[in-house]
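**Student:** Kindly generate the complete structure, drawing on both the sequences and the hints.
Just so you know, we're using numbering that gives the first Met the number 0 here: the sequence shown kicks off at 0 and counts up by one.
What the hints contain is simulated information worked out from the structure, not anything from laboratory work. As the structure is a computational prediction, the values presented were derived from the model and not from experiment. There could be a bad hint or two in this list.
The following label-pair restraints were derived from C-beta to C-beta distances [what the hints assert, rightly or not]:
id, residue 1, residue 2, range
1, Ala165, Ala104, 26 to 34 Å
2, Glu2, Asp220, 17 to 25 Å
3, Leu36, Ala16, 15 to 23 Å
4, Arg174, Ile34, 16 to 24 Å
Glycine residues also receive a C-beta, built at the ideal position from the N, C-alpha and C atoms.
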Amino acid sequence: MTELAIYDMDRTITRRATYTPFLLYAVRRRAPWRIMLFPLALVAMLAYLMKLIDRGRLKEINQRLLLGPHISKEELAPLVAGFAERTERSNVHPGAFSMIAQDKAAGRRLVLATASYRLYAAEIGRRLGFDDIVATNTLIGLDARVSAKIDGENCYGPAKLRMILAWMAAEGLRREDVRVRFYSDHASDAPVFEWADDAFAVNAHARLRALAQKRGWPILDWR
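**Tutor:** Structural data, given as structure tokens:
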């Protein structure tokens, strides 16, 4: 039987979220003048909070504002490498390093499943020793440039489970042939928690803590 250890990333593995910090890291190094557009990103956040747009659209708007509508892979590569190195060095919970090492030593296949963009999450996952990445994808144009448009679903909430299942199907993994451990900090991942064989609430906020206590899921603190 194949054993999978599936991890959420932001605030589960990392101390802080990574999406806005990545955009700000990139804009300072690529086009500092775009910082002047940050107030528009705050307007987009307000629209999201008022439920005028969803999380996926919020991401698209912010990426367009701060990275531009398109960016070449060559321009993106050093930004991703630098941000991933910084994340590994200063934004990973000590307990996450330990648990990842334990799961790897136990022979489990490590999967990072995150709403963050694959364009930088894949490099963070590689540095941390993950075997596979399930993440929000971006469109790649015929000119090989990365677009600000999401390709498919934003890997969040119920969509995360759908994307994990699609990844398993692509890998030829049948549910009855795998045992799944899942780690996350947020109740939005309830569909994956309920689907997993072994669910762990990590650095849990109040809503998830209450749900974990009700379901009998272990509560871990990696901070």
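**Student:** Could you run down the list of hints and mark each one as holding or not?
**Tutor:** Status of each hint after checking the structure:
The hinted window of 26 to 34 Å between Ala165 and Ala104 holds, with their beta carbons roughly 29 Å apart. Between Glu2 and Asp220, the C-beta spacing of about 24 Å keeps the proposed range 17 to 25 Å intact. Restraint check, Leu36 to Ala16: a C-beta distance of roughly 20 Å satisfies the suggested window 15 to 23 Å. Between Arg174 and Ile34, the C-beta spacing of about 46 Å breaks the proposed range 16 to 24 Å.
Going through the hint list in order, the structure does not satisfy hint 4, though it satisfies all others.
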